[in-house]
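Novice: Residue numbers (my numbering), protein chains in the order written: chain A, 1 to 296; chain B, 1001 to 1296.
Honestly, the hints are just simulated from the structure, not real lab data. Mixed in with the good hints there might be a few duds.
Derived coverage of chain A by chain B (criterion: at least 3 residues anywhere in the stretch with Cβ under 8 Å from a Cβ of chain B; other residues may be distant) [unchecked claim]:
#	segment
1	197-208
2	223-234
3	244-253
Over the 12 Å line for every Cβ pair with chain B, so calculated as not near, a few chain A residues [what the hints assert, rightly or not]:
#	residue
4	18
5	20
6	35
7	47
8	58
9	82
10	155
11	187
12	283
Only pairs whose alpha carbons sit at most 20 Å apart, straight line, appear in this in silico SDA-like list of lysine to any residue [to be verified]:
#	chain 1	residue 1	chain 2	residue 2
13	B	1251	A	2
14	A	2	A	20
15	B	1124	A	207
The beta carbon of each residue, even a glycine, is placed where N, CA and C say it ideally should be.
There are 2 protein chains.
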Amino acid sequence: MKIAWIGLGAMGSKMAPRLLAAGHTVVAFDVRAEAMDEFVKLGGQRAASAAEAARGADVVWLMVVSGDQARSVVFDHGVADAIKAPAMVVAACTQPPAQAQQLAKDLAARGIGFLDAPVSGGTKGAAAGSLSIMVGGDPQLTARIRPLLDAMAGRVFQVGDQPGMGSTAKMVNQLLCGVHIAAAAEAMHVAERAGIPLAVMHEIVSVSAGNSWMWGDRGPRMMQANPEVTSAVDIFVKDLGIVLSQGERMKAGLPLAAAARQMFLAASGLGHGAADDSQVIRAYRALNGAHAANDS
Amino acid sequence: MKIAWIGLGAMGSKMAPRLLAAGHTVVAFDVRAEAMDEFVKLGGQRAASAAEAARGADVVWLMVVSGDQARSVVFDHGVADAIKAPAMVVAACTQPPAQAQQLAKDLAARGIGFLDAPVSGGTKGAAAGSLSIMVGGDPQLTARIRPLLDAMAGRVFQVGDQPGMGSTAKMVNQLLCGVHIAAAAEAMHVAERAGIPLAVMHEIVSVSAGNSWMWGDRGPRMMQANPEVTSAVDIFVKDLGIVLSQGERMKAGLPLAAAARQMFLAASGLGHGAADDSQVIRAYRALNGAHAANDS
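Only chain A is shown next, with the shape it has when bound in the complex:
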């Protein structure tokens, strides 16, 4: 199988080499020459443009940073014109479900198959081949790229048979991530207002039914004044924005996602948009005061 790989960023530069290791021919394009140099050292091939990479490919894998970029690569940079059925396109970037659906529709008009296949598991999972990949679209297309998925993922979920459903599943997970971070901040804030040492509070919840993955990961960073930025407040302003836009398309009220987004938005408005997302707790402090208050 000949694969055109577009995007050798933090994730793509770890994922594409796994396809080489599995014996596939991979022709890559990235705007950064260094990234391509590295990939060529590992046995990959270099293309001068996205269109050149795509020419004659069986699968075009888009590992770019957004749905806007995916669309631009396909229609503004010649990929759509460079491929012919039965070639197919896989968009593995994180994007709004509606954007994936539009891309699918416009490719279908040219007879080109499409899957959306957002990933989770971060750069560690990418390097280890243990990503979770959430696939939306025709299961027959999924079957065709199964060897590629298996080379890169620990878990492959066929979420549904419509393009965009992979992105919807990822969005549902992001809804929970965003609400859980804000809820952790709300809980930590009550504890600090009540004079409870935060390390004690963190330990209690960690062994209790109130625990969450985010409590374990972001909770300790809420106790730091200026933690390292692993993901910024503004990322959740954006991601919960995508959740609420999709909710609006579905005509579905999502009160917790909406309330959580207001807190990230407020934190951003207070000047903390580039801070670690754990610092949404600063919005609570601004709202309610940072003082300890056993004033009940």
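Once you've looked at the hints, dock chain B against the given chain A.
Specialist: Chain B in isolation, oriented as in the chain A frame:
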């Protein structure tokens, strides 16, 4: 140490025998004679009233169902008159922090020490002696009952040196529990509206950063039409009500707890107050429609 044990319900009937096993003298009172019969079989002593149990006790342990009951036992049923310093009272029931503080204050006026020590871990943890106990109050009092705590708990947290702080810590955990159940319902509801099979959605989140203890426990029950009731919708109407009352005493806005409570309240208003708390998802279905809608 002579211990007066008030309340042999689901939790108390499992906890008190662990004190017997550790060699303590325990005189119990419960309004249900069968519960006392059981306890006597295990080597415990029976009292005819709470006051009789308390007479001559070093520690009065209140394992009743609410702060109202705890107060009533102490002041309306003669316990306060039956004990003298350095005897002390431990309220292990779940109650609003302010109620624990008031009880502490009224006992202090009589020279009687007080700790609030709510527990978590359920009846399984009670039977195994692996409960978590969150203690608020003078650490010297905690030291005095350390052998009792160790006989019943896997983890003892000295949350703070003021009575009520144990209850505050438990309340913070309940805030997270309530918000996480409602968030799980919101996420499941988006998935079902989008036509994603809920079992697939559940598995994806379970291996992702959106995971929570409640997602693991309540999520599967959200997929059932009439799951067994492990804890009712109305319990979280009450518990999140306690959270918001305490927030009001602190003058702290808690937007996620408030939004979550509205959903439990709506579920209750729809007639589902006695249903399993996972059924808060019915409020989302009422709000947004239960139909699958890939209408984006």
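Novice: Check the structure against each numbered hint from earlier and tell me which ones fail, lowest number first.
Specialist: 2, 10, 11, 12 and 13
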